[in-house]
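2 protein chains.
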Amino acid sequence: MKQHFSQRVRGAKRSAIRELLKLTEQPDIISFGGGLPAPESFPNKELAEIAYDELLNNSANVLQYGTTEGSRTLRDAFITWLEPQGIHTTRDELLVTTASQQGLDLLCKAFFDPGDVLFCGLPTYLGAVQAFKLFQIDTVGVLLEDDGMSIEELEAQVAACKAAGKTMKGIYVIPDFQNPSGITLSLEKRKQILDIARREDLLVFEDNPYGHLRFAGESIPSLYSMDTDGRVIMLVTFSKILSAGLRLAVMITSQPDLMDALVRTKQATDLCTSKLTQHLAARYMLEYGLDKHLEDIRPIYREKRNAMIDALEKHMPKGEGIRWTEPDGGLFVWVWLPEGIDAQDMLARAIEQKVAYVPGSAAFVDGSGHNTMRLAFSSSTPEKINEGIRRLASVVKAEIAANKVGTS
Amino acid sequence: MKQHFSQRVRGAKRSAIRELLKLTEQPDIISFGGGLPAPESFPNKELAEIAYDELLNNSANVLQYGTTEGSRTLRDAFITWLEPQGIHTTRDELLVTTASQQGLDLLCKAFFDPGDVLFCGLPTYLGAVQAFKLFQIDTVGVLLEDDGMSIEELEAQVAACKAAGKTMKGIYVIPDFQNPSGITLSLEKRKQILDIARREDLLVFEDNPYGHLRFAGESIPSLYSMDTDGRVIMLVTFSKILSAGLRLAVMITSQPDLMDALVRTKQATDLCTSKLTQHLAARYMLEYGLDKHLEDIRPIYREKRNAMIDALEKHMPKGEGIRWTEPDGGLFVWVWLPEGIDAQDMLARAIEQKVAYVPGSAAFVDGSGHNTMRLAFSSSTPEKINEGIRRLASVVKAEIAANKVGTS
Numbered sequence: 000m001k002q003h004f005s006q007r008v009r010g011a012k013r014s015a016i017r018e019l020l021k022l023t024e025q026p027d028i029i030s031f032g033g034g035l036p037a038p039e040s041f042p043n044k045e046l047a048e049i050a051y052d053e054l055l056n057n058s059a060n061v062l063q064y065g066t067t068e069g070s071r072t073l074r075d076a077f078i079t080w081l082e083p084q085g086i087h088t089t090r091d092e093l094l095v096t097t098a099s100q101q102g103l104d105l106l107c108k109a110f111f112d113p114g115d116v117l118f119c120g121l122p123t124y125l126g127a128v129q130a131f132k133l134f135q136i137d138t139v140g141v142l143l144e145d146d147g148m149s150i151e152e153l154e155a156q157v158a159a160c161k162a163a164g165k166t167m168k169g170i171y172v173i174p175d176f177q178n179p180s181g182i183t184l185s186l187e188k189r190k191q192i193l194d195i196a197r198r199e200d201l202l203v204f205e206d207n208p209y210g211h212l213r214f215a216g217e218s219i220p221s222l223y224s225m226d227t228d229g230r231v232i233m234l235v236t237f238s239k240i241l242s243a244g245l246r247l248a249v250m251i252t253s254q255p256d257l258m259d260a261l262v263r264t265k266q267a268t269d270l271c272t273s274k275l276t277q278h279l280a281a282r283y284m285l286e287y288g289l290d291k292h293l294e295d296i297r298p299i300y301r302e303k304r305n306a307m308i309d310a311l312e313k314h315m316p317k318g319e320g321i322r323w324t325e326p327d328g329g330l331f332v333w334v335w336l337p338e339g340i341d342a343q344d345m346l347a348r349a350i351e352q353k354v355a356y357v358p359g360s361a362a363f364v365d366g367s368g369h370n371t372m373r374l375a376f377s378s379s380t381p382e383k384i385n386e387g388i389r390r391l392a393s394v395v396k397a398e399i400a401a402n403k404v405g406t407s
Numbered sequence: 000m001k002q003h004f005s006q007r008v009r010g011a012k013r014s015a016i017r018e019l020l021k022l023t024e025q026p027d028i029i030s031f032g033g034g035l036p037a038p039e040s041f042p043n044k045e046l047a048e049i050a051y052d053e054l055l056n057n058s059a060n061v062l063q064y065g066t067t068e069g070s071r072t073l074r075d076a077f078i079t080w081l082e083p084q085g086i087h088t089t090r091d092e093l094l095v096t097t098a099s100q101q102g103l104d105l106l107c108k109a110f111f112d113p114g115d116v117l118f119c120g121l122p123t124y125l126g127a128v129q130a131f132k133l134f135q136i137d138t139v140g141v142l143l144e145d146d147g148m149s150i151e152e153l154e155a156q157v158a159a160c161k162a163a164g165k166t167m168k169g170i171y172v173i174p175d176f177q178n179p180s181g182i183t184l185s186l187e188k189r190k191q192i193l194d195i196a197r198r199e200d201l202l203v204f205e206d207n208p209y210g211h212l213r214f215a216g217e218s219i220p221s222l223y224s225m226d227t228d229g230r231v232i233m234l235v236t237f238s239k240i241l242s243a244g245l246r247l248a249v250m251i252t253s254q255p256d257l258m259d260a261l262v263r264t265k266q267a268t269d270l271c272t273s274k275l276t277q278h279l280a281a282r283y284m285l286e287y288g289l290d291k292h293l294e295d296i297r298p299i300y301r302e303k304r305n306a307m308i309d310a311l312e313k314h315m316p317k318g319e320g321i322r323w324t325e326p327d328g329g330l331f332v333w334v335w336l337p338e339g340i341d342a343q344d345m346l347a348r349a350i351e352q353k354v355a356y357v358p359g360s361a362a363f364v365d366g367s368g369h370n371t372m373r374l375a376f377s378s379s380t381p382e383k384i385n386e387g388i389r390r391l392a393s394v395v396k397a398e399i400a401a402n403k404v405g406t407s
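Those sequence lines, one after another, are chains A and B.
Taking numbering that gives the first Met the number 0, the leading residue of the first sequence gets 0, the next gets one more, and so forth.
Taking numbering that gives the first Met the number 0, the leading residue of the second sequence gets 0, the next gets one more, and so forth.
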């Protein structure tokens with residue numbers, strides 16, 4: 000039946016990592032694999048009360064089709080929530096999407112022809128890479144430094160694309176506690192990226208799932224809030240700040256032309272997002288407050304992050320070229336292993352030792368990053384994090400030893 | 000900002016009909032426009048109880064990410080429900096989608112390159128046409144007769160596409176009470192379409208939102224149940240049989256290759272469908288029974304359909320070339336007006352008279368059908384249906400009179 004496949008799915012293979020990670024559902028495995036929000040962060044009692052009331056008393060509305068643009072109640076609640084963040088917007092500038100993965104799908108559809116160039120981090124979010132590849136976008140990776148994308152390399156890549164006559168369309172940025180690296184883009188670099196985008200007439204796609212989960216340090220203004228000519232499109236998902244199961248996000252653009260294209264595209268994609276889940280989020284925001292909720296859940300992530308950093312310091316071998324990020328928020332720690340080690344290859348051994356992670360290489364669009372891994376601290380307890388890192392460290396030590404033997 | 004648009008959105012314009020239909024939200028307008036399920040058909044109390052329980056006692060599951068393939072509970076419940084319909088399937092053959100519009104999006108992505116041919120009815124479902132156009136598919140319309148797609152014309156179109164060297168990929172069929180026409184495909188023609196698909200190695204996309212809303216006559220077996228070599232992919236949405244607001248459907252294929260491509264495609268599109276809405280549907284099926292529910296709601300639609308047919312017979316002018324379908328199920332009656340009348344043009348006058356419908360022409364991929372309109376009887380009361388048809392008949396009479404004056 001493969002003769003029926005489109006070009007866009009012909010090249011792609013089922014992910015080997017994904018198959019390996021399925022093994023991590025076994026209860027005795029400590030998994031740092033999936034980037035899952037902490038289940039104890041879900042305000043389930045409040046949502047249960049709201050759901051009961053909405054279904055009982057507002058069913059002709061919440062069980063019916065909604066508008067493609069999204070519920071007015073939710074958009075209005077969102078506008079109010081954004082104001083103190085320096086983001087001043089209106090109802091017509093917001094599009095509710097079936098979580099941010101759909102936002103990425105819509106951006107690809109509306110703005111990219113096959114071969115168009117999109118600049119992204121090295122590494123960047125794997126789910127975004129999958130969406131970009133499906134639309135045959137030419138993803139050009141730009142090295143991430145400790146303060147985000149290398150501006151020097153971005154400039155060099157822009158120049159190279161120009162010289163090659165390529166059509167450059169945009170820059171994809173996850174500014175805060177980036178997935179997978181946990182790296183945050185500095186204020187100075189945000190400004191420089193906006194300057195380059197303006198000069199080259201590029202769109203900027205600012206995907207910010209983790210920014211509100213900052214548990215230390217000072218917030219940095221969003222690129223959207225610093226944008227002067229409407230070229231930043233921002234995606235804010237509810238997945239990590241309220242619930243991933245609601246499948247809800249909001250996409251923001253101040254440009255009516257862009258919004259019009261996105262709305263038409265969404266209409267052909269899934270008609271509308273669930274009114275029921277939209278009303279759950281909207282009423283939660285209005286009746287309980289999302290900022291109050293965020294204050295409550297940030298300590299959950301801080302504790303887990305600290306447990307992971309402590310465990311890494313305690314168990315991981317030193318002086319072998321191993322290092323890791325120490326993020327002030329988000330869900331992930333990123334680990335660089337010694338050059339000789341292939342984290343994808345090592346995963347099978349880690350699973351034997353009942354611990355799992357995501358090898359970094361799939362997040363590098365240039366095929367590099369073989370010696371990196373992403374550790375999600377978000378969905379384990381501090382005790383499990385310590386034990387999992389202990390197991391992982393022993394796997395790494397064995398790998399280094401075997402590697403030395405192998406290369407001697 | 001339009002310089003950033005992809006080719007696929009460049010051509011498309013915001014629908015004039017859609018803008019007109021926004022006016023129909025005014026409470027004094029009787030709208031036969033949107034194909035909305037009857038709100039009184041939603042089992043809201045039962046869903047409220049289930050939602051409360053799931054959110055209170057199963058939140059770590061339903062508020063978390065789910066697998067791309069969909070909830071096992073829902074897929075298992077669906078398998079059991081399909082058995083008596085002659086559809087024998089397994090969990091691996093089902094993919095839960097964010098309603099059937101997403102199913103169409105995934106089919107386009109997985110199987111169509113720009114310019115590939117898809118055969119569809121004249122008319123066919125407007126939402127499907129929008130998805131097909133977004134993927135630059137060459138949609139070839141085949142005239143619908145009283146018993147469905149003209150086999151003679153389908154053969155002629157296949158021959159023409161072959162002669163032109165085009166790549167033919169599939170046939171899109173809405174077999175029961177088709178949207179927009181209300182026409183049902185006969186058993187004989189289902190077999191003939193399967194024969195042609197086999198001979199030409201085409202996929203068949205069987206989209207069946209209305210088949211379970213049959214309130215008179217005998218059911219006809221699905222194409223999926225008669226398929227002998229796995230080329231039918233079936234879409235069954237919950238939108239009309241349980242609730243449109245849950246945004247849930249199931250896509251079925253017996254071919255692992257095709258399923259694999261669809262799963263990978265969905266992963267890049269929205270990762271997964273809401274676990275919460277999946278569990279609402281699954282538990283409703285298990286605890287209350289979907290067949291029992293369907294028995295309860297079919298009379299609602301029968302009464303509305305009868306009211307509309309009665310009103311058409313009572314109010315519409317006879318002998319002017321006006322005729323309409325009399326469906327045994329579904330949501331729609333389809334009306335052919337005299338050749339000289341443009342239903343899209345007439346809509347503005349109808350709205351002045353406080354009645355609305357969907358002009359048929361947008362549902363014809365060849366641009367014909369200017370003298371047709373779709374009337375949804377599903378979301379009005381019998382009284383409103385009678386009054387709305389009375390208003391509509393007066394608009395039609397005036398149009399015929401003006402037309403005669405105009406052409407004399």
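No lab work stands behind these hints: they were computed from the structure.
All of these numbers come straight from a predicted model, not from anything done at the bench.
Check before you lean on any hint, since a few could be wrong.
For chains that are exact copies, the list does not tell them apart, and a pair is met inside one copy or across any two.
Capping the alpha-carbon separation at 27 Å, the derived lysine-lysine pairs in DSS-like fashion look like this [said to hold, decoys possible]:
(1) LYS383 x LYS132
(2) LYS317 x LYS165
(3) LYS353 x LYS383
(4) LYS165 x LYS190
(5) LYS161 x LYS1
(6) LYS1 x LYS190
(7) LYS396 x LYS21
Legend entry - Intra- versus inter-copy proximity for LYS21 and LYS396 (alpha-carbon distance at most 27 Å): Within one copy, since 25 Å is at most 27 Å while 65 Å is not.
Inset, instruction - Could you figure out if LYS1 and LYS190 sit no more than 27 Å apart (CA to CA) within one copy, between two copies, both or neither? - result: between (47 Å within a copy, 24 Å between copies)
Inset, instruction - Give the relationship of LYS165 and LYS190 under a CA distance limit of 27 Å: within one copy only, between copies only, both, or neither. - result: Result: close within a single copy only, 24 Å intra versus 49 Å inter.
Inset, instruction - At 27 Å max between alpha carbons, let me know whether LYS317 reaches LYS165 within a copy, between copies, both or neither. - result: neither (44 Å within a copy, 62 Å between copies)
Inset, instruction - At 27 Å max between alpha carbons, let me know whether LYS353 reaches LYS383 within a copy, between copies, both or neither. - result: within (11 Å within a copy, 65 Å between copies)
Legend entry - Intra/inter-copy verdict for LYS383 and LYS132 if alpha-carbon distance must be at most 27 Å: Answer is neither; intra-copy 36 Å and inter-copy 50 Å both fail.
Legend entry - Within, between, both or neither: LYS161, LYS1 at alpha-carbon 27 Å: Between copies only: 20 Å across chains, 37 Å inside a chain, cut-off 27 Å.
The structure is inconsistent with the numbered hints 1 and 2, although it conforms to all the rest.
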